[in-house]
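S.K.: Please model the entire structure based on the sequences and the hints provided.
Numbered per my numbering, the sequence shown spans residues 7 to 306.
Just so you know, the hints here were simulated from the structure itself, not pulled from any lab data.
Remember, predicted model here, so these are calculated numbers, not experimental data.
Yeah, the Cβ is synthetic: ideal placement off N, Cα and C, and Gly gets one too.
Hints are not guaranteed to be accurate.
Restricting the straight-line Cα-Cα distance to at most 16 Å, the calculated cross-link-like pairs of lysine to aspartate or glutamate (EDC-like) are [what the hints assert, rightly or not]:
no.: 1; residue 1: Lys286; residue 2: Asp272
no.: 2; residue 1: Lys190; residue 2: Asp272
no.: 3; residue 1: Lys273; residue 2: Asp255
no.: 4; residue 1: Lys182; residue 2: Asp217
Here are the in silico distance ranges between beta carbons for each label pair [unchecked claim]:
no.: 5; residue 1: Glu172; residue 2: Lys59; range: 53 to 61 Å
no.: 6; residue 1: Asn256; residue 2: Glu164; range: 25 to 33 Å
no.: 7; residue 1: Phe35; residue 2: Lys223; range: 36 to 44 Å
no.: 8; residue 1: Gly64; residue 2: His90; range: 17 to 25 Å
no.: 9; residue 1: Ser68; residue 2: Gly236; range: 44 to 52 Å
no.: 10; residue 1: Phe35; residue 2: Glu137; range: 49 to 57 Å
no.: 11; residue 1: Gly135; residue 2: Arg57; range: 31 to 39 Å
no.: 12; residue 1: Glu136; residue 2: Gly236; range: 22 to 30 Å
no.: 13; residue 1: Glu252; residue 2: Leu33; range: 21 to 29 Å
no.: 14; residue 1: Asn256; residue 2: Ser108; range: 43 to 51 Å
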Amino acid sequence: MIIEVHGLVQKESFQKARILATDLCELHFETFEQTRIYEMFEFEWADFLKRTKKKLGGAYWSYNNDVIVYIDGNPLGSEKDLQHWAESKFGLTDYRPMTLYSAFALDAYQKRLLQFNRILISMVISIDGEECGVLLIELYSDILPKTCENFRALCTGEYGVAKKNEVEKYKMNYKKTKFFRLVKNGWIQGGDILYNRGNDGRSIYGPVFEDENFIVKHDRRGILSMANSGRHTNGSQFFITLAPAEWMDNLYVAFGHVIEGSLTLDKMEEVPTQYERPVKNICIEDISIVNPNNLTTELV
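M.R.: Encoded structure:
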């Protein structure tokens, strides 16, 4: 037999199922060929669960757990279903306290966030002044260091202001800026650090900087990418994809992805538009760098 466990890495229910599946394989190695563990962040899990519900149908349309277990490719259900199955088939009972699984969950969450030593950004979003949630973004700082450093510095505001002309100055900070363009099932765009209209911006390196590389693809919802007006014209404007957009590959430099905040992005996309302009103010209320080592609970 092969046991598969898919779920949210920071949830106790997933950790319980993971450890129980491991116990079964270790105690009954003659029966179980393999345990396959698939730990996910919230954004990936939301997409996986959506596709799973569509594939399985039936009772799974209302499935709303943080973990799903398969036995030989057939869905068994949640960690509670696995526990009942393990008890009835193999007499295996789990007596570990839930506080232990909470500790396992936080530890696994931190380790996963630290796995690639990448920059993590927390972006608090409001719609017409009312906070609607947080986007947690992982930057591919190991693949595109220059592009990611530009975005990181514009998140902290450490460059202060930059002169455009004798009258105008750029505020070199994404905080309090707006998402000014929303293309349904396409992308949502922000990062104009002058007037929030979408016709200006500036990088920390000067007015623009070059396309670093096109390694990261626009292959799913939640990809973070630089907006531009042609080759080597990256400034401060960026966008987040709302669907796969392979046509953007080799045209726009993708450099990060949303790992948590699926409901927040849904709410942003649901804002009505007029000529691709949101009719409500979608604003970055706050933005900060996240240090996983300081976490005491999950972020989103």
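S.K.: Against each hint, give a clear statement of whether it holds in the structure.
M.R.: Hints, verified against the model:
no.	hint	in the structure
1	Lys286 to Asp272	15 Å, holds
2	Lys190 to Asp272	11 Å, holds
3	Lys273 to Asp255	26 Å, violated
4	Lys182 to Asp217	27 Å, violated
5	Glu172 to Lys59: 53 to 61 Å	58 Å, holds
6	Asn256 to Glu164: 25 to 33 Å	31 Å, holds
7	Phe35 to Lys223: 36 to 44 Å	40 Å, holds
8	Gly64 to His90: 17 to 25 Å	19 Å, holds
9	Ser68 to Gly236: 44 to 52 Å	48 Å, holds
10	Phe35 to Glu137: 49 to 57 Å	50 Å, holds
11	Gly135 to Arg57: 31 to 39 Å	35 Å, holds
12	Glu136 to Gly236: 22 to 30 Å	37 Å, violated
13	Glu252 to Leu33: 21 to 29 Å	46 Å, violated
14	Asn256 to Ser108: 43 to 51 Å	45 Å, holds
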